[in-house]
Amino acid sequence: MSRRGRSRGCQKQYNRIILAWRTSFYFLILPLLATALGAQTVQRGMRGGTLVIAQRSEPKTLNPLLSRDAPSREVLGRLSSDLMSVNRQTQKVEPVLAEWVHPSADGLHYTVHLRSGLRFSDGQPFNADDVVFSFQVYLDEKVHAVQRDPLLIHEKPVTVSKLDGQTVRIDLPGRYAPGERMFDSLPMLPRHLLEAAYREGKLNQVWGLSTKPEAMAGLGPFRVKEYRAGERLVLERNPYYWKAPQPYLDEIVFLFVGDEDAQIARFLTGDVDLVNRVSARNVGLLRARGVRVEDLGPSLEYNFLLFNLTKDASPGPKEWFQIKAFRQAVSAAIDRDGIVKLVYGGLASPLASPVSPGNKAWLNQKLTAGKHSAEQAKKLLSESGFTRDKAGELRDRNGKTVEFTIATGASSQERSAMATMIQADLQAIGMKVQIVPLESRSMVDRILNTHQYDTAVMGLGGADPDPVFETNVWKSAGGMHVWNPEQKQPATSWEAEIDRLMDEQASELKQEKRRELYNRVQEIVAEEMPLICLTSPHVLVAAQPRVKNLRPTIFDHYTLWNSDELFVAEAKTKERSAGR
Amino acid sequence: MAEPILDIRDLSVSYAAERWAIKGFHLTIGASESVGLMGASGCGKSTVAWAILGLLPAYAKVTGSIRVCGNAVNARMRGPTVALVPQEPASALNPVLTLGRQMRDVAGGQTIQAAKGMLARLGLPLEIYDAYPHQVSGGQLQRVALGQALLCKPKLLVADEPAAALDRGTRTEVMQLVKDLQRELGFGLLLITHEPEMAQHFADRVMDISLPSESSPAPTRAHLANADWVLRARGVSKSYARVRALDGVDLELKAGGRLVITGESGSGKSTLAKCLAGWETADNGTVEFKGAKKPQLIPQEPGESLNPFWEAWEVVTESLRLEGVGETQRREKAIEWIERVGLPVEVARRKSGTCSGGERARLAIARALVMCECEQQCHGLLIFDESFSGLNRGLRRQILDLLDELQARWPLTYIVIAHDEWLTRRFADSVAVMREGRLSG
Amino acid sequence: MIWRRVLQTMLLLLAVSAAWFALLAASPGDYFDLQRLDPRVSAATVDKLRAEYGLTKPWWVRYGDWLVSVAHGEMGVSIVYNEPVADLLLPRCANTLLLTLTSTALAWGLALPAGLWAAVRRGGGIDHVWNVAAGLLLAIPELLLGTLLVYWAAGSARWPAGGMRSAQDGGLLDILRHLALPAGVLAAGLFPIVFRHFRNALAEASGLPFVRAARAVGVSPPRIWLHSVLRVAANPMISLLGLSIGGILSSSLLAEVIFGWPGLGPLFVEAVMTKDTYLVLAPVMFSAVALAVGNLLADLLLMWNDPRIRAAG
Amino acid sequence: MKHAAKWLIVGMAAALLLAPLFAPYGEEEQNRSRAQEAPSWQRVPGTEPARIFLLGTDEYGRDIFSRFLYGGRLSVAGGITATLLALSFGLAVGGAAGLGGGWLDATLMRTSELFLSLPWLYLLLALRAILPLRLSPSGAFWMMVTVIALAGWARPARLIRGMVLSAQDRPYVRMAQAMGAGKGYIFRQHILPQLRGVIWAQALVIFPQFVLADMALSFLGLGVAEPTASWGGMLAGLRHFAVLESHWGRVAPVVLMIVFFVLLQMPASDEPQGTQPRMPETIQ
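Residue numbers (my numbering), protein chains in the order written: chain A, 1 to 580; chain B, 1001 to 1441; chain C, 2001 to 2313; chain D, 3001 to 3284.
If you are wondering where the hints come from, they were derived from the structure by calculation, not from laboratory data.
The beta-carbon is built from N, C-alpha and C at its ideal position, and this holds for glycine as well.
Wrong hints could be hidden among the right ones.
To be verified - The calculated lysine-lysine pairs, modelled on DSBU-like cross-linking and capped at a C-alpha distance of 35 Å, are: (1) LYS1333(B) with LYS1290(B); (2) LYS2048(C) with LYS156(A); (3) LYS2048(C) with LYS212(A); (4) LYS548(A) with LYS488(A); (5) LYS378(A) with LYS2048(C); (6) LYS92(A) with LYS156(A); (7) LYS1179(B) with LYS1155(B); (8) LYS1293(B) with LYS3006(D); (9) LYS366(A) with LYS318(A); (10) LYS1294(B) with LYS3183(D); (11) LYS371(A) with LYS390(A); (12) LYS488(A) with LYS2048(C).
Claimed, not checked - Residues of chain B placed beyond 12 Å of chain D at every Cβ, according to the derived structure: (13) TRP1020; (14) ARG1067; (15) ARG1104; (16) SER1305; (17) SER1319; (18) GLU1323; (19) GLN1329; (20) ALA1364.
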């Protein structure tokens, strides 16, 4: 298992973070001078104090099996621990509950030995039986756990067997390229609390928000203290946490503030200590008030303009979309730099392929973002038989005016703004385009189920950098193959080639080979352009100076992944100090 | 002579630009003297009353001087010094407060015994004290309003048509009470009325604002001999909820005749009129009418039966509009009839809401006549349901002259429902009296 | 009479809930669609989840299930929260009521005296001043006023900018400080309506003939205003009060979202967006009931205040 | 004072309805190089293209003053149509209920209660979600107008019904009935002229609803679609602090809108004079 060398792109990103910290007041009191090369070392924290983080919407459940939305996952991440998880900063898999893990040579068997003396947050001991029980629950058909699908390789589940009280062996049905990454975000469940509910088949009714804290337990740094409907969820330190002195914080408070501007208002009044994913437009006003806003560079998300390439008889826009030159012309007409400047105030990166620059490990460095040139677009269109009439409107071969709609999800303001700019860009080359804002669920229904749309501005990615998690998108039979989902067999030759490449890389253990395969996939998509990649927004985090050991990353949970190391400089006094 | 209680010098009041309600009016009333004020309706009698109290609407322009007991009327004087009994009893009392409450609020508050004592003196049952205005009759309301003024023990009492809504019997009773109280309390009385006997009987002296001269008695009219009957009612009876309004009424009316029906208020006169005109169907019994067009009913408040938003000519010829007659034709017909009922032609263009009470009464008659008119000179029947009680003597005389003249030229028959003996003497061929739903005589 | 009204309200609620159910079922997409965007979940799992939550059943069948669960007092189970809707709603209803009742009381408490003062001084300077103020408040959208106040509060740092409690649970005084701004915005929205309604009702009642007649028999002006005119002017106001009560669960939706007030507003907006049908229905039902109660209360008050209606009643 | 307000309103409405004549730039014209620029009145020599923006530009570099005029046109047109729709529907239902009486009256009044009990914002959200994709800008406009009409007709209907009931027992109406006039004739000729006052007052209440509805929807991202300019969209845009802080040109349109609506309230505040007989508040 070769370890990935640190690439040049990564180096640049670290410098920028250190630079940001050097200017902030906080850095002056740190005895340790952060070196340009070495990662930040963890600083001995002071116990006590409360950290308040704002959440856009309430968590929906405290049951790991049902945690389908981001807020719930963010909370559950603090309440539970995995056998092994990916270090958000170094992207390397590290044992957490496991003391050591011995993978077999062919990568099909893992022997996992647990740390000794581990206890749940209610004091009950944790052993191999809990691990076996957890896997059994995750893999059970009837439970429909969120964690089930990643544990299936070629539709066959992994098997877990107990060797002794502290050791288990996990056997994989087939070669699995990401290897141990599979065990990330697989929280170990307390058998003594859930087995009864599991036998009665009521697992999805337990551990709701209003469940009494004593009825729940986990192995994470914190446990549930109190829930106040519509307002806040308070977690308190787990006394039995295995990294004894940590967590330093007494409590973490998740404050539900539905609207980003409201979040910023409460941040400015000192009610909130941390805001994840500040949108670009608010960075200016925060920095104007001397607030430390960390720009962590492009996230894993990629926004794109999607063409409806599904095959159905209906005439109209779909005929044009099938023409590759038409798609390339649209891509050439779009002013990506304009989008970065106007929509994100410069805090985003134009995309060359569906892999965001933030995903250094798998980015195909050779591809460059399409240059904005209306002439190139017009040339491509006239070559493929489109003409412009006197009024400047584009007409296809049989004289019909080129007119179609762009669907946008109402919830994302940035994507609506992108659609507005694309509409203007396409109008410049004679295409009459109309924007249709749709409520996000009905938009997904149109794209994946009823195919009743022309084009759409969408965003995907953001969960995990590893290509295997994008299988559903790139394989022609995949449910998320957005431009023409769930094809019986590949509609075009290039989609067939992508299928082949994706299958091969999924079971290719040598990382170098995997990179070449995935680079080829990116080249095909950049050439064929079923979806026109636009931009990837930067991850922006706002934090109060009193928050220490904060090492935000572009991977999910952004700031709380090391919640056991976080601490606050001075414990929060009863009455917030008015000195601003 | 002691200083006069009321001294009005050269009073002029105008509501709209050049139209004066009263001009250069003089009046003095000494202590415990009572003066009757006469005049055609709309001639400004009520304006004088409200002017004395200083309660004219803000937009009214007033010149001249009014002094009560030596000084101009101010808020403190209303009640203890001067009080007014308004013309419309129904709208003078608050519908949502009990009558007793409204009597006790008078002139800074009265005791319950005083209020109940006054009710007794006015001959009203004691339950009225806790009743609401919509639960008692018009006559009783009038007496309560009077009681309110009397409770104030004013030095000057202004009474604006204090007995118009009362029938004969109770009217004399009430006015007698006022005279007794005047002797007992010694207040000055200004009695505003349009009925000469009221003024002569109860006032020491009488004044008249505008003086249409008492015209001579009615010209004699050739008596219609044995003309055929035009309306026959047999055994007509009608009852509402528990009350039996008509109890088997028989009636036969000669063509060209004039029947006057009198009777106590609540004896079923209006119900009979509505049944004869077809506005309501009788429970049993028959009503036959020979003429081509239905009998026309002119209701109690003729002015109210005209849509105030319409112009006069539209109102008069509404029936023709229903028959689909063209506008120009209707306009000519309207002007023709408006002239015949004695109104100046320019009234046709004015909105009916802006015409005076007298003018609106004539318009109602014109409208009824337009409906009775038909080519073959068929017979028309007009039923007047106390249509003239609101008008003053002079105006009523003019209307009756008009009816005489109309009847001379067109085959019309009249039924007039009223409780005014003068009318029966002067106008009717035959008289019938309604009592408890039965018609006699 | 009361029983007829209660029956009518029940029918009304049935009609409203059926209409809403059909409306929501007709809209494309359901809660699990967005689930498809998560690469870690396969399409097959999503379809199984849909079946498990009964989303594949026709809407009238699900409506039937809903009625049954209403009978049990659960009002359906939320797909998103996996909890009975009733448990989710009750704490939020309390917060919304706290906000709307304070703002309604504030608005009426200010508008009635102002209306009386303006009516007594009709046409005068005071009347004009109040009228212009009411006109201005009517013209300023509630949403904008809310945003500006939050923006100002964020700058001032002394005043809480949204939410119901500060991070350290400060108890009653803390809640009141948080309540001030949202209640103020809602009251600013309601005040002009109540003021103008009351002023016009008083102006009209004071023009009626019995007022002049009462002055003619020496009834003192203050007694006329407070005793006679007020009672008559109360009728139109009572109907308005009925409507105000009717809106206590729906009028504060936007203000709650702006101020982050943990009431029904944010929950409802999220429920509509996530197509959580049962969770959408409950607030609509609650506000329909509130409206019916408001109207019933208004009718009873009208009968108490006006004998003429009592007779007709 | 009242006349001045009336003429000012008519002037502003006319200017808005004829926006294309007055607006210096196109509604969707983007000058990306000059985004978020503060208002400037004198031509800065050498800036290329040398353009001035009276109220500055928004985040896409579009002229805010032109968008205010185009947005006004949409809002005034929408407001008027929605008001006409709601009032004519209210008049029809109110009239039918008042004249019809009996079961017709009961059913119409219950349906009006049904609509009154639907908070209009909930209705807007649900309807917006179920509409077909092919929604041209005018489609969105008509959707908003119909929804407001649906939400707005109930109150005028109940008011008109009350007045029709009270007008019916007026003597001159009974007189017309005695002359054989039908219900339709009575409603058209006798009752309608008196409803003018009520209808005008209700129109003033419903007219601003269009902008408020558009604003509420834009607030949730579902309002009139970009790039069409709309007052609601501009108002909703202001809820972002970044917009509030960019330049005063962003706030100016809102001030103008508020002036427009205050002037609109002016005529409504004076009492109805004239020969209109005092119509007692009907007890319903």
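Hint check:
no.: 1; hint: LYS1333(B) with LYS1290(B); in the structure: holds (25 Å)
no.: 2; hint: LYS2048(C) with LYS156(A); in the structure: holds (18 Å)
no.: 3; hint: LYS2048(C) with LYS212(A); in the structure: holds (30 Å)
no.: 4; hint: LYS548(A) with LYS488(A); in the structure: violated (53 Å)
no.: 5; hint: LYS378(A) with LYS2048(C); in the structure: violated (48 Å)
no.: 6; hint: LYS92(A) with LYS156(A); in the structure: holds (26 Å)
no.: 7; hint: LYS1179(B) with LYS1155(B); in the structure: holds (14 Å)
no.: 8; hint: LYS1293(B) with LYS3006(D); in the structure: violated (51 Å)
no.: 9; hint: LYS366(A) with LYS318(A); in the structure: holds (31 Å)
no.: 10; hint: LYS1294(B) with LYS3183(D); in the structure: holds (20 Å)
no.: 11; hint: LYS371(A) with LYS390(A); in the structure: holds (28 Å)
no.: 12; hint: LYS488(A) with LYS2048(C); in the structure: holds (21 Å)
no.: 13; hint: TRP1020; in the structure: holds (20 Å)
no.: 14; hint: ARG1067; in the structure: holds (33 Å)
no.: 15; hint: ARG1104; in the structure: holds (26 Å)
no.: 16; hint: SER1305; in the structure: violated (4 Å)
no.: 17; hint: SER1319; in the structure: violated (5 Å)
no.: 18; hint: GLU1323; in the structure: violated (9 Å)
no.: 19; hint: GLN1329; in the structure: holds (17 Å)
no.: 20; hint: ALA1364; in the structure: violated (9 Å)
Hint check: violations occur at hints 4, 5, 8, 16, 17, 18, 20; the rest are consistent with the structure.
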